[in-house]
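Once you have looked at the hints, place chain Z on chain C.
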Amino acid sequence: MPADVPPARGSLAVTAASLAGLLALWSAAALLAADPGLMPGPWLVGPLMWQEAVSGRLWLHLGATLARVAAAFGLAMLLGTALGLAMGRLPRLDRWLDPWLVVLLNLPALVTIVLCYIWIGLTEAAAVTAVALNKVPMVTVMLREGVRALDPGLDAMARVFRMSPSARLRHVVLPQLAPHLAAAARAGLALIWKIVLVVEFLGRSSGVGFQIHLYFQLFDVGMVLAYALAFIAVMLAIEKLLLQPWEAHVRRWRGP
Amino acid sequence: MSARVEIDIRSKRFGGQEVLRDISLTLAPGERVALLGPSGVGKSTLLRIAAGLDSAFEGSVRGAGRVAMVFQEPTLLPWRNARDNLTLTTGISAPLAEQALADVGLAGRGDAFPGRLSLGQQRRLALARALAARPDFLVLDEPFASLDAGTAAEMLALTARLVAESGATTLFVTHAPAEAEALADHVIVMSGQPAKLQLDPL
Chain C
1 MPADVPPARG
11 SLAVTAASLA
21 GLLALWSAAA
31 LLAADPGLMP
41 GPWLVGPLMW
51 QEAVSGRLWL
61 HLGATLARVA
71 AAFGLAMLLG
81 TALGLAMGRL
91 PRLDRWLDPW
101 LVVLLNLPAL
111 VTIVLCYIWI
121 GLTEAAAVTA
131 VALNKVPMVT
141 VMLREGVRAL
151 DPGLDAMARV
161 FRMSPSARLR
171 HVVLPQLAPH
181 LAAAARAGLA
191 LIWKIVLVVE
201 FLGRSSGVGF
211 QIHLYFQLFD
221 VGMVLAYALA
231 FIAVMLAIEK
241 LLLQPWEAHV
251 RRWRGP
Chain Z
1001 MSARVEIDIR
1011 SKRFGGQEVL
1021 RDISLTLAPG
1031 ERVALLGPSG
1041 VGKSTLLRIA
1051 AGLDSAFEGS
1061 VRGAGRVAMV
1071 FQEPTLLPWR
1081 NARDNLTLTT
1091 GISAPLAEQA
1101 LADVGLAGRG
1111 DAFPGRLSLG
1121 QQRRLALARA
1131 LAARPDFLVL
1141 DEPFASLDAG
1151 TAAEMLALTA
1161 RLVAESGATT
1171 LFVTHAPAEA
1181 EALADHVIVM
1191 SGQPAKLQLD
1201 PL
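Chains as they are written, first to last, in my numbering: chain C, 1 to 256; chain Z, 1001 to 1202.
For the record, the hints were derived by calculation from the structure and aren't laboratory data. None of the hints are false.
Label-pair ranges, simulated between beta-carbon atoms:
{"id": "1", "chain 1": "Z", "residue 1": "S1093", "chain 2": "C", "residue 2": "P179", "range": "24 to 34 Å"}
{"id": "2", "chain 1": "C", "residue 1": "E239", "chain 2": "Z", "residue 2": "A1176", "range": "50 to 60 Å"}
{"id": "3", "chain 1": "Z", "residue 1": "L1096", "chain 2": "C", "residue 2": "A183", "range": "30 to 40 Å"}
{"id": "4", "chain 1": "C", "residue 1": "A190", "chain 2": "Z", "residue 2": "G1167", "range": "51 to 61 Å"}
{"id": "5", "chain 1": "C", "residue 1": "P245", "chain 2": "Z", "residue 2": "G1059", "range": "49 to 59 Å"}
{"id": "6", "chain 1": "C", "residue 1": "L22", "chain 2": "Z", "residue 2": "A1107", "range": "50 to 60 Å"}
{"id": "7", "chain 1": "C", "residue 1": "R186", "chain 2": "Z", "residue 2": "G1059", "range": "42 to 52 Å"}
{"id": "8", "chain 1": "Z", "residue 1": "G1065", "chain 2": "C", "residue 2": "P108", "range": "52 to 62 Å"}
A few chain Z positions that, by computed beta-carbon distances, are all more than 10 Å from chain C:
{"id": "9", "residue": "F1014"}
{"id": "10", "residue": "L1162"}
{"id": "11", "residue": "S1166"}
{"id": "12", "residue": "A1176"}
{"id": "13", "residue": "M1190"}
{"id": "14", "residue": "K1196"}
Here are some chain C residues the structure puts well away from chain Z; computed CB gaps all over 10 Å:
{"id": "15", "residue": "S11"}
{"id": "16", "residue": "G37"}
{"id": "17", "residue": "S55"}
{"id": "18", "residue": "Y117"}
{"id": "19", "residue": "A230"}
{"id": "20", "residue": "A233"}
{"id": "21", "residue": "V234"}
Idealized CB from N, CA, C, for every residue including glycine.
This is chain C alone, in the form it adopts within the complex:
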């Protein structure tokens, strides 16, 4: 296991410079386009974000979207982990379910969303189900790989000492799966929030996706960008403040 390379002192500066470059590119494009309706610059989008934040609308819609992300994420991780554990442990089940997994992996998100809305109705449950269903096969595949890589020595140890199934899961199996869970969580979050926006675009009356739909119909590019950027900022904050500290916590036994 290669040691985790700590971010070099200069890397924060590079990140900042890189983001400043992106901002500069955007500003240049806005100046060249010379049409604030089509391509508003950062100096126009920034105040729009501020205005939405002060009015409270931004928080309302961010909150609605985040709640859906959280619900779909939790559901997908739970189902995907359970399925991945079962398929990794039981080769017969794996042979039977693997083709289903391949079909689901290749099912376009849009199809799942449309079908869920038609079959379940234009409800919150349909929205969350559709997003979770898009994510479950990926979690399953990643966890199945983790289960196949479980240490047979530790498994034998747990059996000899007759550890209870719950103790085995908690202290023997899950710690070995932690890197796979973290990878699935990270990839999952990135995928889920994008699909949640589509779900909101197509059939909800709140959330960032709904706002983008609204301002798309009004051809208000500034507001579309304001909501999109606000949400990207939130997801990056979650990654930095929740996901990365959790990964560091589960890796602490590896030591420096």
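Structure of chain Z alone, referenced to chain C:
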């Protein structure tokens, strides 16, 4: 605290290859038996069957009761400290775990993660875990493998003392005759293909 263990293996195969045939071994309560033989003869296979880890064979193992095992590798939970490695696997309390650590010369190391311990210390911890389970039947698979000569001698003396104190019926695999004689009441030599047992006249 000790069991009369009857191991009766008519046949054990891996694929088409028969590795064990007509092996019958009875250990009296508290008896310590060493299995001696060259690498690859099937010692570990026999041990796994005796410990109940492998049930895909023709025959039976009776009377083993509560089993504990010291594996060829220390096989610790690397994400749990030394104390938790004892309490989580054997169910003993934290103070008893500290005592068990002290018994194997790891006093005060309860908070150390296995990765911070030397191989010799990891093997001591694995031994402490097996004894903390208060087994009726103790199975040891080359517990001194890949230790340097000095550490191995120390570990051998410690193991001999603690195993004798525990009174558990013990089956022990090694390829070093000196280890076998130091630890066991009887030495059984395993050889051939498929392997047969033979009481060592020593």
